[in-house]
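Starting from the known structure of chain A, fit chains B and C onto it as the hints suggest.
Chains as they are written, first to last, in numbering that gives the first Met the number 0: chain A, 0 to 331; chain B, 0 to 296; chain C, 0 to 327.
No lab work stands behind these hints: they were computed from the structure.
Don't take each hint at face value.
[Said to hold, decoys possible] Heads up, incomplete: computed chain C residues facing chain A, CB under 8 Å, no partners named: (1) Glu43; (2) Gln103; (3) Thr104; (4) Ala185; (5) Asn189; (6) Ala210; (7) Leu211; (8) Ser217; (9) Glu254; (10) Asp256.
Note that the structure is a prediction, hence the values are computed from the model and not measured.
By construction, the Cβ of each residue, glycine as well, lies at the ideal position given by its N, Cα and C atoms.
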Amino acid sequence: MSSEPILRVKDLTIDLLTAHTVVRPVDGVAYELSRRETLAIVGESGSGKTVTCFAPLGLMPVGVQADISGSILFDSRQLVGSDNETLRSLRGKSIGFIFQDPMSALNPARRVGRQIAEVAELHLGMTARAAETRALELIKMVGMSDPEIRLKQYPHELSGGLRQRVMIAIAIAAEPTLLVADEPTTALDVTVQAQILRLLKEIQSRMDMAMILITHDMGVVAGAADRVMVMYAGRHVETGPTERVLSQPQHPYTMGLIDAIPRKQDAIGSRFRGLPGIPPILGAPITGCAFMARCGYAVDACGERRPPFLPTAVPGVSAACPVLNIRAKECA
Amino acid sequence: MQPVRPLLKAIGAFPRSAVFTIGAFVLLGLLAPYIAPHDPNAQDLLIAGQGPTLAHPFGVDHLGRDTLSRLIVAARTSLVGVCLVLVCAHAIGIAIGTIAGYRRGWTDELLMRIVDVGQAIPSLIVSLAVIGIAGVSYWNMILALALAWWPGSARISRAVAVNTMNKPHMEALRVLGASPVRIYFVHLLPTTIGAVLVYATADAGAVALAIATLSFLGLGIQPPTPEWGQMLVDALPYLESDPRQVILPGLTLTLAVIGFNILGEAVALNRVPKPLTSRMLAARRRVTAFWAKEARP
Amino acid sequence: MSAILEVEHLVTSFPSAKRGQTIKAVNDVSIHLNQGEIVGLVGESGCGKSTLGRSIVGLEKPQSGRVVFDGVDLGSLSGRRLREARRAVQYVFQDPYASLNDRQTVGEAINEALIIAGLRSQTEREGRIAELLNQVGLATTVRDRFTRELSGGQRQRIAIARSLAVEPRVLICDEPVSALDLSIRAQVMNLFLDLREKLGVSCLFIAHDLALVRQAASRVYVMYLGKVVESGSSEEVYRNPSHPYTQLLLASVPEADPATERRRNPPLITGEIPSPTNPPSGCFFRTRCPLSVEACAEAEPVSQEVSSMHKAACRFAGGLFAKRVSAA
Numbered sequence: 000m001s002s003e004p005i006l007r008v009k010d011l012t013i014d015l016l017t018a019h020t021v022v023r024p025v026d027g028v029a030y031e032l033s034r035r036e037t038l039a040i041v042g043e044s045g046s047g048k049t050v051t052c053f054a055p056l057g058l059m060p061v062g063v064q065a066d067i068s069g070s071i072l073f074d075s076r077q078l079v080g081s082d083n084e085t086l087r088s089l090r091g092k093s094i095g096f097i098f099q100d101p102m103s104a105l106n107p108a109r110r111v112g113r114q115i116a117e118v119a120e121l122h123l124g125m126t127a128r129a130a131e132t133r134a135l136e137l138i139k140m141v142g143m144s145d146p147e148i149r150l151k152q153y154p155h156e157l158s159g160g161l162r163q164r165v166m167i168a169i170a171i172a173a174e175p176t177l178l179v180a181d182e183p184t185t186a187l188d189v190t191v192q193a194q195i196l197r198l199l200k201e202i203q204s205r206m207d208m209a210m211i212l213i214t215h216d217m218g219v220v221a222g223a224a225d226r227v228m229v230m231y232a233g234r235h236v237e238t239g240p241t242e243r244v245l246s247q248p249q250h251p252y253t254m255g256l257i258d259a260i261p262r263k264q265d266a267i268g269s270r271f272r273g274l275p276g277i278p279p280i281l282g283a284p285i286t287g288c289a290f291m292a293r294c295g296y297a298v299d300a301c302g303e304r305r306p307p308f309l310p311t312a313v314p315g316v317s318a319a320c321p322v323l324n325i326r327a328k329e330c331a
Numbered sequence: 000m001q002p003v004r005p006l007l008k009a010i011g012a013f014p015r016s017a018v019f020t021i022g023a024f025v026l027l028g029l030l031a032p033y034i035a036p037h038d039p040n041a042q043d044l045l046i047a048g049q050g051p052t053l054a055h056p057f058g059v060d061h062l063g064r065d066t067l068s069r070l071i072v073a074a075r076t077s078l079v080g081v082c083l084v085l086v087c088a089h090a091i092g093i094a095i096g097t098i099a100g101y102r103r104g105w106t107d108e109l110l111m112r113i114v115d116v117g118q119a120i121p122s123l124i125v126s127l128a129v130i131g132i133a134g135v136s137y138w139n140m141i142l143a144l145a146l147a148w149w150p151g152s153a154r155i156s157r158a159v160a161v162n163t164m165n166k167p168h169m170e171a172l173r174v175l176g177a178s179p180v181r182i183y184f185v186h187l188l189p190t191t192i193g194a195v196l197v198y199a200t201a202d203a204g205a206v207a208l209a210i211a212t213l214s215f216l217g218l219g220i221q222p223p224t225p226e227w228g229q230m231l232v233d234a235l236p237y238l239e240s241d242p243r244q245v246i247l248p249g250l251t252l253t254l255a256v257i258g259f260n261i262l263g264e265a266v267a268l269n270r271v272p273k274p275l276t277s278r279m280l281a282a283r284r285r286v287t288a289f290w291a292k293e294a295r296p
Numbered sequence: 000m001s002a003i004l005e006v007e008h009l010v011t012s013f014p015s016a017k018r019g020q021t022i023k024a025v026n027d028v029s030i031h032l033n034q035g036e037i038v039g040l041v042g043e044s045g046c047g048k049s050t051l052g053r054s055i056v057g058l059e060k061p062q063s064g065r066v067v068f069d070g071v072d073l074g075s076l077s078g079r080r081l082r083e084a085r086r087a088v089q090y091v092f093q094d095p096y097a098s099l100n101d102r103q104t105v106g107e108a109i110n111e112a113l114i115i116a117g118l119r120s121q122t123e124r125e126g127r128i129a130e131l132l133n134q135v136g137l138a139t140t141v142r143d144r145f146t147r148e149l150s151g152g153q154r155q156r157i158a159i160a161r162s163l164a165v166e167p168r169v170l171i172c173d174e175p176v177s178a179l180d181l182s183i184r185a186q187v188m189n190l191f192l193d194l195r196e197k198l199g200v201s202c203l204f205i206a207h208d209l210a211l212v213r214q215a216a217s218r219v220y221v222m223y224l225g226k227v228v229e230s231g232s233s234e235e236v237y238r239n240p241s242h243p244y245t246q247l248l249l250a251s252v253p254e255a256d257p258a259t260e261r262r263r264n265p266p267l268i269t270g271e272i273p274s275p276t277n278p279p280s281g282c283f284f285r286t287r288c289p290l291s292v293e294a295c296a297e298a299e300p301v302s303q304e305v306s307s308m309h310k311a312a313c314r315f316a317g318g319l320f321a322k323r324v325s326a327a
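Just chain A, same shape as in the assembly (with noise of 0.2 Å):
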């Protein structure tokens, strides 16, 4: 990954505020990310992994004031700050979006071949005839089989994987440079889950997109990333090369997280490895380390300040942990 990173986020902090309460989703979280590049963000529900990537670009309910400080550079442009109106044009066209649940994002009113002709006539300013040819090459690209049938269907014709295969057509109508997924494959069968991913990395390297891949599941990661940002209570724990967090995880929180998989050598009828504990509830930022609580290494030290995000012992592995760090410093 010799390329300069097409995205760069640093010191990106979101405040969410809505008519009842105020909470610090994502505090502090930096990462980078180049072209044809793949960062898998991980973390439980409530880690702030997917307000980090739809805040920013102004996707959020209605009702909730998000408050961003920090930078995002995506393509030398500061989106932080930006105005509605270069954030809705960067929406679509320059960032492809795929969500959990295809059959809410997609118009259940319309026939799907529409849907993805509508995005390509929006960003590419193309004619409605053009649009639908693009369309039909889109749907053939995302391997549906008949086509041209698909593109006359509407949403709940479909099954669960052919209506994801759809919202990737749409994703990527406007040929975008980066492709956001949250959690794509989450709500569908583990059969169907492998085909998606594998038709998402073809993608990719066919189009040249950077893509950032929102998952808890780790098997998911180990196939699609190339690099991994975990997150715990709104910031990252922890960033590296996929092969190396998952073989040798630095932060207590990873090594828990990967841990807890089962394992093929597990006995049948052996107990379960997890965490203890619960994960913090969102509001205001934790004092120290969020994860000193579960911790079984932690120290007195560990609820100071806010460990710093700093370089491990492993090539190209940062992690935020002040016991790790003070390791680390041994080493070197």
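Frame of chain A; chains B and C shown alone:
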């Protein structure tokens, strides 16, 4: 006084216009006998048809009865009528709807076909038919309107009941072996009543209008009981010579109906997230400003 | 070991959107559950595994077949007797947010279950609530909290405690951890292992997560389009899957280890599950099966014994299978 605060808060969440109109309507209705300045039925033919004076701020009607007092007492008539009709209609509707939603199968089919028939005939025609058969009286009017109104309530109740029965927490009760009596009376009925009462407020305006309509036609509330529709009929012969007598009851009725409709609409839209006001936003930002200081190392 | 729960030739169908047609969600399924055993039931969405579970506890009405609990055919009972007999088989729902009433406190929810179970004395119930909360690993202080204030993992524990209030002997667990966060799944899974050990409760564990089932269950049933296609001990089925569907299903699960995952080139199942309204003739899996031959379309495959207790409903199961694969 613990429950008062959330109640006030809930009322405060509704549009002010509706709260004022309906609040005034309910207060006038409840306190009518105490605040009406004159006996609404006291005739004084000497001043018949007189316009507003100090003694009679809204003037008097063709029999010299005080218009303001009649309007106020009519609010009571209307309020009591609306409540009775809604209680009767929803009692029938909720009973039938929950039974259909609980039993499903052929019971459901049968009851809902009856509801379909009920809904197919316009409510006014049902009321007219019932009064035509039963004769003109106050209670017959209430009965007639209740019979016209229950199918709508039954349909909503059934939808709520079916939805509730399919909820996993209700299924869990069935698996635990809860008796049908427990499931129906302890869980299904209270949930349905709560949900359907919300719809009832939206209907109140229409019922008020229907009472006035029947009274206007001479089939509802009989003279001399003051009632807005009744007052309209009384004043009709003087429409050209003294429009005030028609306009005042008409205006009051319109206000009450609009008030109920706004309230009903607000109740229906209650689930939509409220937009952030700038004041709230500022308050939330004060919180986050404090966070920022703490979090940055 | 004697079977505590037997399901024999169960058929559950639903009316289809098109008039007159029915969807056989569960199509002639026979399974059994032994005392104190955890048995897995796996398959993709729409394979009928949840409908099977719901039919066992009476949430769906089967068209035919029998559910026998402890030697008693539940179909022969009705009314109060049926409710009391069914109480011994409890159901754990997937979504702990929906399976508890938001307006009840934890104590009220469990108390209600105890009342249903016929425990009359309030003091006894109080004691039992504390005991149950303790059993599922929760502090007794949660008793006065509203269920809506608790996290998913805690709510699932409370749902389990409520089921335990009626002293069941079998738990039908329908994806009990799939709505929970990764880091807490193990806690709830271990709770099931504990309950089996301490209370001797048997579990039918319905899940799509194959790895989870492998570790928890001693035996496993694999379902496809309303039918059991393979059954056997977990050991056997996972090591030597004998139905092509089971093989492809197992091969589709991604590995969390990037080195193996990259090297692995899983054979993809082509296409999607056919509509259950109009299933293929003969073997239901033949439309997606890499091994299918003409004969598969003609007759339904007979269940073949691969080894003792390990059966697969495929003509190539057992010895023939290996030959067929090497030829393909």
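Practice task
Against the earlier hints, flag every one the structure doesn't satisfy and list their numbers going up.
Solution key: Going through the list in order, the structure violates hints 2, 3 and respects the others.
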